[in-house]
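Peer 1: Here are the chains, one letter per residue:
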Amino acid sequence: MGEDTESSKVNHSFLRDYVTEADVISTVEFNHTGDLLATGDKGGRVVVFQRETVVGHKPKGELEQVGETGESGEYNVYSTFQSHEPDFDYLKSLEIEEKINKIRWLPQQNAAHFLLSTNDKTIKLWKVSERDKQPEGYNLKDEEGRVKDISTVTSLQVPVLRPTDLMVEVRPRRVFSNGHTYHVNSISVNSDGETYLSADDLRINMWHLGITDRSFNIVDIKPANMEELTEVITAAEFHPHHCHLFVYSSSKGSLRLCDMRASALCDKHTKLFEEPEDPGSRSFFSEIVSSVSDVKFSHNGRYLLTRDYLTAKVWDLHMEKGPVETYQVHDYLRTKLCSLYENDCIFDKFECVWNSSDSVIMTGAYNSFFRMFDRETGRGVTLEAWRETSKPRAVLRTRRIYTGGKRRRGDVGVDSLDFTKKILHMAWHPEENIIAIASTNNLYIFQDRVSPDTQGPDLGSNTI
Amino acid sequence: MRYSYQRRTCAIARAKMFPKGTKRKFSDSREEPVAGGEDVNQSSLAAVRMLSSYSLQRQSLLDMSLIKLQLCHMLVEPNLCRSVLIANTVRQIQEEMTQDGTWQIMTQALSAANAAAQCSADRLVATEVLCRQTEAAQGEQVPKPFPVVGSEGCPAEEVLEEEEEAAAAEVGMTMSTVSPQAPTSYLPGTFGMDPCWEEEETGEDDDDDDEEEEEDSEECGSGSEGEERERDSLVEDTRTAEQVFGTFEIKNPAPSPDPALEELFSDVDASYYDLDTVLTGMQSVPKMGPYDLLESLSSHGPSPLSSSTSCRSDLNELDHIMEIIVGS
Numbered sequence: 001m002g003e004d005t006e007s008s009k010v011n012h013s014f015l016r017d018y019v020t021e022a023d024v025i026s027t028v029e030f031n032h033t034g035d036l037l038a039t040g041d042k043g044g045r046v047v048v049f050q051r052e053t054v055v056g057h058k059p060k061g062e063l064e065q066v067g068e069t070g071e072s073g074e075y076n077v078y079s080t081f082q083s084h085e086p087d088f089d090y091l092k093s094l095e096i097e098e099k100i101n102k103i104r105w106l107p108q109q110n111a112a113h114f115l116l117s118t119n120d121k122t123i124k125l126w127k128v129s130e131r132d133k134q135p136e137g138y139n140l141k142d143e144e145g146r147v148k149d150i151s152t153v154t155s156l157q158v159p160v161l162r163p164t165d166l167m168v169e170v171r172p173r174r175v176f177s178n179g180h181t182y183h184v185n186s187i188s189v190n191s192d193g194e195t196y197l198s199a200d201d202l203r204i205n206m207w208h209l210g211i212t213d214r215s216f217n218i219v220d221i222k223p224a225n226m227e228e229l230t231e232v233i234t235a236a237e238f239h240p241h242h243c244h245l246f247v248y249s250s251s252k253g254s255l256r257l258c259d260m261r262a263s264a265l266c267d268k269h270t271k272l273f274e275e276p277e278d279p280g281s282r283s284f285f286s287e288i289v290s291s292v293s294d295v296k297f298s299h300n301g302r303y304l305l306t307r308d309y310l311t312a313k314v315w316d317l318h319m320e321k322g323p324v325e326t327y328q329v330h331d332y333l334r335t336k337l338c339s340l341y342e343n344d345c346i347f348d349k350f351e352c353v354w355n356s357s358d359s360v361i362m363t364g365a366y367n368s369f370f371r372m373f374d375r376e377t378g379r380g381v382t383l384e385a386w387r388e389t390s391k392p393r394a395v396l397r398t399r400r401i402y403t404g405g406k407r408r409r410g411d412v413g414v415d416s417l418d419f420t421k422k423i424l425h426m427a428w429h430p431e432e433n434i435i436a437i438a439s440t441n442n443l444y445i446f447q448d449r450v451s452p453d454t455q456g457p458d459l460g461s462n463t464i
Numbered sequence: 001m002r003y004s005y006q007r008r009t010c011a012i013a014r015a016k017m018f019p020k021g022t023k024r025k026f027s028d029s030r031e032e033p034v035a036g037g038e039d040v041n042q043s044s045l046a047a048v049r050m051l052s053s054y055s056l057q058r059q060s061l062l063d064m065s066l067i068k069l070q071l072c073h074m075l076v077e078p079n080l081c082r083s084v085l086i087a088n089t090v091r092q093i094q095e096e097m098t099q100d101g102t103w104q105i106m107t108q109a110l111s112a113a114n115a116a117a118q119c120s121a122d123r124l125v126a127t128e129v130l131c132r133q134t135e136a137a138q139g140e141q142v143p144k145p146f147p148v149v150g151s152e153g154c155p156a157e158e159v160l161e162e163e164e165e166a167a168a169a170e171v172g173m174t175m176s177t178v179s180p181q182a183p184t185s186y187l188p189g190t191f192g193m194d195p196c197w198e199e200e201e202t203g204e205d206d207d208d209d210d211e212e213e214e215e216d217s218e219e220c221g222s223g224s225e226g227e228e229r230e231r232d233s234l235v236e237d238t239r240t241a242e243q244v245f246g247t248f249e250i251k252n253p254a255p256s257p258d259p260a261l262e263e264l265f266s267d268v269d270a271s272y273y274d275l276d277t278v279l280t281g282m283q284s285v286p287k288m289g290p291y292d293l294l295e296s297l298s299s300h301g302p303s304p305l306s307s308s309t310s311c312r313s314d315l316n317e318l319d320h321i322m323e324i325i326v327g328s
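Chains as they are written, first to last, in our numbering: chain W, 1 to 464; chain B, 1 to 328.
Excised from the complex, chain B in its bound form:
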């Protein structure tokens, strides 16, 4: 069920990136008209930015952890100790987010944003599937959802580069749509995060940050790919996916489309630690490495996210491609 959880998280990330009416600063060549709703967002942006920096960093840590959990090298059995430690970190963040109420906000924003995000999703699927085929996905990446460098040493404001500004904008937007007042518990340092996010005094930081960014971008190249797949899965038709991947068995309880907190957490617990089955299921067809996420995410059954019928044509195309690969 970690996959289902991940799907939602990345759905949120995606929703944040392509919400209706918000100008995307980091988009490669596409340009969207700026809708009227942006003014409201801008005004609350500055106010919320600082307060949300902690939650932003926390979110980035969460995303990073989820990516790490997914991208285990499937030739050799993954290191159980590492997986357990990362999973415990994820759980810790989840618990904290639940206490803060951020979780509730996220899920609400998700369902709200999803209705608006249908059409852009279609285009995404087609593009990304094709990109994956030609392995040209890297260049066209939308940036990684998590800011990699800033967490290390710079104060919140300086950290925010372009990507992060956009992300912060979305977070700001998300939060402003839900409640006008920002929760005070998001002040950095409340939860002892200071040691991690502390600023370094020297001016060498920028150079080092760049270096780190380089190596991070290499590292996260595959991570971004993972993000891609998750976005794809959002519109994946579960039925057709199961036809293709019928032999797989990712064990999980009956998937629940209800984004209630308890359901979510039970989902998280349910099949993640069933590593044996997971690994068996995943490894049945080693070639399907990049696609196992796809099927596992989709195997969770219908969700409120993938209801768009306009995606069918793209899905047929996807099925076709899948069949080719399975056939090979």
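Bound conformation, chain W alone:
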């Protein structure tokens, strides 16, 4: 393969940067309070981080509550567990990857935390709970749990709870299996607190959190004749407030809002959001780049945010004929589509997120860049998540892609972009300006203070 002539040019730096495939982060999600951050990786593991609680003096000498999070709360590893194992489909003789596709937290109801994690086929409900006390003084068992010889028991004692070191226990509470023939790409917890949906390429199912042996199929776009298949489901989400509404996106760039009150099977949409194609810019790649990779409701439930290959769009739920805002994420790639098609980068699925007030949207790009767009001004900024340039408490500097005109120092040329460093997964704290960015096996957490300074503790590899 031309190695003889190219040996002198072989770049060995990849050996230094070798990343275990299993450590690549595949999903990131804050819980509803933002105190916990969960990441899933390709090896089927879930790592949960907890925000440090800082007990400090409040101004004006007010009493502070124990455990109140202070300003400089950093995220530390809270728990790690193996969520999914590699599996094998005997019927089709195909492996089932253990990669965690999505994690969603349930709203907290008691001291324990619950999260849903899914791979391609199976969804699991995990209970994450703390234990800081342990019963001691059993009559029939000794300290290690072995059964005592009864003859040695001479008196009765009452077991007491003694404080121990904090232990975090994670237990699988439900396993929702055999619900999907195709690969699960989304899960979404309903606002009713009892149900959730899971979407694969062709179907969407609704489950009850307490029932694992059956689910309702609410969307089915599988054609009777698979030869006629031209469109697949790419993402789905429940409305944040209305428990009967959900949206799903397709590979043709359309969004469908469905109302479960209308019928049991929501194949017929209530609203169809589609932007008419610009005939002037049509190319063979038009359809591929219009495929929506992620859809998110805004926190107020009035808007939808979608991401396709080159843009991020904001849609008003009341207007179906087109988005109200369109943001160019990396338009300089428009002339590179053929190469990106060749190396499969054109199929990368980028996620997008809202900030807590729905005024800023964020999405990822290549070369470890990610973009934020201020909806009020319409302006975007490019930031970088890269270890070399991110020291703790360093200010994130904005980057620029050089596309012509005067070239400034630090500008990155389009042809020197590293397409292997892609920012696909990210999350925004539900209340504060804290963002979590996943870049291959690294997790970056950036916090925004009242001042424009941003600090970025690098949490490094996920294999803690």
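Since the hints were derived computationally from the structure, they do not count as laboratory data.
Among the hints, a few may not be true.
Just so you have them, the derived chain B footprint on chain W, three or more residues with Cβ under 8 Å [claimed, not checked]:
hint : stretch
1    : 88 to 101
2    : 341 to 347
3    : 374 to 385
Just a few of them, taken from the derived set where beta-carbon distance is under 7 Å, the chain W residues facing chain B [to be verified]:
hint : residue
4    : D267
5    : E287
6    : V289
Glycine residues also receive a C-beta, built at the ideal position from the N, C-alpha and C atoms.
Please arrange chain B on chain W, whose structure you already have, making use of the hints.
Peer 2: Only chain B this time, still in chain W's reference frame:
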């Protein structure tokens, strides 16, 4: 049926590479005498080249897409979304080619060229089967049928490197044999392809193109292999292949040797999307990964392409090798 379609496409590619009387510029060590027919080709070449650059690029995109569809990683179930998007692209190109009439030209050229390409096919089969056995196929590759780099940023003329010149020559030849006037609809930009093929201003392009070419050649190494297999299948005896791979079930309608357009499209639709069966059929014997294309292509029944009886000896050799592998 995507396999059948692919077979024809690659048959065309192969036919274009080894048509009777055309000098192959990219051939490794073999040298063919230049026949008299080349003069005509050369004269029409320049005229047709520019007009055919769009169709060339379109063809390359088609080939690339077909390769992508084939080379899914069969350990894990392939990404359905990606497959559907690629298939839609293929379909779009097909429709456009049908409207242009290119499709008709291709199929005519195929049947015309096939009659001439019999003998070279024999040699090919033997060589390639042996190459595959020793895994030395990469070095001996005839170049990939699709120009990988040029599409990105350079104008049509500059893009054409040696390989592409040869390919263009063949396209030129093909078109000139069919009709003297070149269809005007092949002007680049008509179908909005400009954004993709647009030229970049800076001079850095060449270096970057080289880099791209490197990584592309790595990527397409396996793609070329796929091409190989498809060429093999052209002369594959279906009956013997079915004996070997009797347990497989690639579902498809009764294969039709008639290269009429409608038949072709019905073939394309027929079994491609039956992914479940396809995957099941393919995965029944995982070891047969590289050969499943072979059998699936051949399972489409006799075609006007594989009629040469002189290939029998090579086919027996092929069968023998297949049996060894199946036995292992």
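Peer 1: None of the hints should be skipped; say for each whether it holds.
Peer 2: Consistency of the hints with the structure:
1. 88 to 101: holds (count 8)
2. 341 to 347: holds (count 5)
3. 374 to 385: Our answer is that it is violated, as 0 residues pass the Cβ test (under 8 Å) against chain B, missing three.
4. D267: violated, 18 Å
5. E287: Given a least distance of 6 Å, the restraint on E287/W holds.
6. V289: It is violated, given that the least Cβ distance between V289/W and chain B is near 10 Å, above 7 Å.
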